[in-house]
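Participant: Chains as they are written, first to last, in our numbering: chain A, 1 to 394; chain B, 1 to 394.
These are computed hints drawn from the structure, not numbers from a lab. Because the structure is a prediction, the values reported are computed rather than measured. Just to be clear, a hint being listed does not mean it is correct.
You can't tell identical chains apart in this list, so a pair holds if it fits in one copy or across any two.
[Claimed, not checked] Here are the computed lysine-lysine pairs in the PhoX-like style, where the Cα-Cα straight-line distance is at most 20 angstroms:
#1 Lys252 <-> Lys324
#2 Lys369 <-> Lys131
#3 Lys340 <-> Lys131
#4 Lys123 <-> Lys239
#5 Lys324 <-> Lys131
#6 Lys356 <-> Lys123
There are 2 protein chains.
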Amino acid sequence: MTEAKLISSSIKENHTDYSKTSVPNRLLLGPGPSNAHPEVLNALSMNPIGHLDEAYLELMSDVQNLLRYAWQCNNRLTLPMSGTGSAAMEASIANFIEEGEKILIAKKGYFGDRLVDMASRYKANVIVIEKEWGDAFTLDEIQFEIEKNKPSVFAIVHAETSTGVLQPLQGIGDICRKNDCLFLVDAVTSLGALELFVEDWKIDLAYSCSQKGLSCPPGLSPLTINDRAEEKLRNRKTKVPNWYLDLSLLNKYWGSDRVYHHTAPVNMNYAIREGLRLIANEGLENIWNRHLENSNNLCSGLTELGLELHVSSAYRLPTLTTVKIPGSVDGDAFRNHLLKNFQIEIGNGLGSLSGKIWRIGLMGYNSKKENVDRLLNIFDTELKKFTFFQSATF
Amino acid sequence: MTEAKLISSSIKENHTDYSKTSVPNRLLLGPGPSNAHPEVLNALSMNPIGHLDEAYLELMSDVQNLLRYAWQCNNRLTLPMSGTGSAAMEASIANFIEEGEKILIAKKGYFGDRLVDMASRYKANVIVIEKEWGDAFTLDEIQFEIEKNKPSVFAIVHAETSTGVLQPLQGIGDICRKNDCLFLVDAVTSLGALELFVEDWKIDLAYSCSQKGLSCPPGLSPLTINDRAEEKLRNRKTKVPNWYLDLSLLNKYWGSDRVYHHTAPVNMNYAIREGLRLIANEGLENIWNRHLENSNNLCSGLTELGLELHVSSAYRLPTLTTVKIPGSVDGDAFRNHLLKNFQIEIGNGLGSLSGKIWRIGLMGYNSKKENVDRLLNIFDTELKKFTFFQSATF
């Protein structure tokens, strides 16, 4: 041993002041994470095995096949990135945009902003088109802008968690192909929950997360790219300026070569395999219908309680409902009340919608009738306690 | 619902061909991942909670304080990055090197190569000094090169998992400060297992992983930076060219502002809190002695069996022992035999050492006498079955 001595630190000498790790048991009806399926948590807690163990390589193949089903595509390069949703978002920029290339981003909420920030860090020529937070783009608007700007990549968010808007995607793929442009879709709040056909809709690259439709904890971010995107990757003039997210390196590990890249988060991959297996067992059509039905019931229930929804029925997102906070209610106080007294989390608005809307998520394992009934019930009995005018009568 | 139909995919219609997720129970005595502590796996499988939930913010503070103890420092900016070890490695480059800046990398194994690859992606002016895979640098050599090259950052791996070499670090910090250079240390295979004093040794930035000394599954990578490094970060001329790993953004979430950056891998943070709590409970000095003792016993045992160690006793790494594969033995066949018949994983050599050495890890929870005894016993009875000359006598 060397001469250095243990220095003082913020931990006391006897180290007994930290109790065993525990957290409260919440019902997560916010914008995500959502609760994980109990079988997923069981899988998560199995013993780690080596990332080059044959049993693990087999599990990786299962994950890839099950992901292809969830994405509804046969893309060879389909894998979970080893980070939360934003990691795959960044991978979709870092690998497919080189310095000076044009990306057209259709922005209608917080996560469009994030794409803009990322793309500019990779020195893209970023062109942004914008809509109000709560609205969606029409196909004509998108066609006009793609033809006018001729970008290399067109990026749009399918399900905007910041606004509760579902952006229709059909038809965009054709426009992109006619204009020699890659079609990039953020499916963070739609994969495994909402109708999504990567192949039929001609989506060239798409990414998502583990903690919403897939009923897993946050930690992985599925990404899928088709042949057109693979070709763009192969034809890069420069190395991908991001090592951890470099798909050409990851492809050697997830592809047939199985060359070690980074140490895989093996337990999170156990979890996602189980989440995806449960999805395959239930069947996508059943899942999509379940999400739609529960969301419809939530929306009618909220409306019956006199609340107003933020998004018009044409663009309403079944995984995340945005509801206006009545002018007479302190939105934060009510959210805290639900969390403290009922262990239920709902979300505040992001950015300019902060304090103006609540965000209620019904995703994956959490999209069930009993959660809708419970929440509506609590809104019915509790919300009046937070209304300024009525509170005077207590 | 739209008109698109469910396309055929590699999953059969009834989706019953994927069984519940399960993996074999292995004893992981390779270069990592190592087995997780059972209490860590319990913590890992708790229900997720929101990444802005007060209970989670409190858990984050615990993780940071416990990490400061493990690192032996009081650095404000001490946090786990949301990816496996290489993510924090990349963060240490992406945040602290701007285009054209000089980094001096002392390379003596595989992970030095990775640093070189990353630094060149961030367009650093990379200068490399090299040693044989199995050797370490002397303080004089390092001093000479730093004074000659005047780099902005000097980077070295503390514990080289590819070779089994422990690089002495004391004294380097002083040289770096005299030459206005940041001292960057890869502590992937030393944090929580081997003597390491970030503050006393004047290490400006260091990173590690969760799956070795911390007895957690892979998925997080602790990073700590001191005031000197923070100052360099503040004085950057350009935005960090990596969004996910941008410490100035992460600092707003992990610092007192608690501004949402990316969705945290909450369950992995449960796990690391528990792993770190167990470390604080046992006490670092006890842990360091335990690792040293078990490694010494392994080394003597292997030598008694007639095997030769790859690294001279002066630089031997207690967490990872590299042992030469006897010329008469098929190294891969023996490794597979251990895995298939004893559920024990040991590692092959990396790069030029592939097929020449085995790598045996005793890290964190796995550094215990019973594992050493079991492995030596198996080597004693099984290795002779794989020796070509002797096998003729069976």
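Participant: Checking Lys369 and Lys131: alpha-carbon separation at most 20 angstroms within a copy, between copies, both or neither?
Facilitator: Cα proximity of Lys369 and Lys131: none, with 33 angstroms in one copy and 64 angstroms across.
Participant: First find the shortest C-alpha distance between Lys340 and Lys131 inside one copy, then the shortest across copies, and answer within, between, both or neither for a cut-off of 20 angstroms.
Facilitator: neither (36 angstroms within a copy, 59 angstroms between copies)
Participant: Could you figure out if Lys252 and Lys324 sit no more than 20 angstroms apart (CA to CA) within one copy, between two copies, both or neither?
Facilitator: neither (48 angstroms within a copy, 28 angstroms between copies)
Participant: As a check of your reading, is Lys123 near Lys239 (CA-CA no more than 20 angstroms) within one copy, between copies, both or neither?
Facilitator: The answer is both: 14 angstroms in one copy and 11 angstroms across copies each meet 20 angstroms.
Participant: Checking an output row: Lys356 and Lys123, CA cutoff 20 angstroms. Within, between, both or neither?
Facilitator: neither (35 angstroms within a copy, 45 angstroms between copies)
Participant: Regarding Lys324 and Lys131, is the shortest C-alpha distance of 20 angstroms or less found within a copy, between copies, in both, or in neither?
Facilitator: within (19 angstroms within a copy, 65 angstroms between copies)
Of the numbered hints stated above, those contradicted by the structure are hints 1, 2, 3, 6, listed in ascending order.
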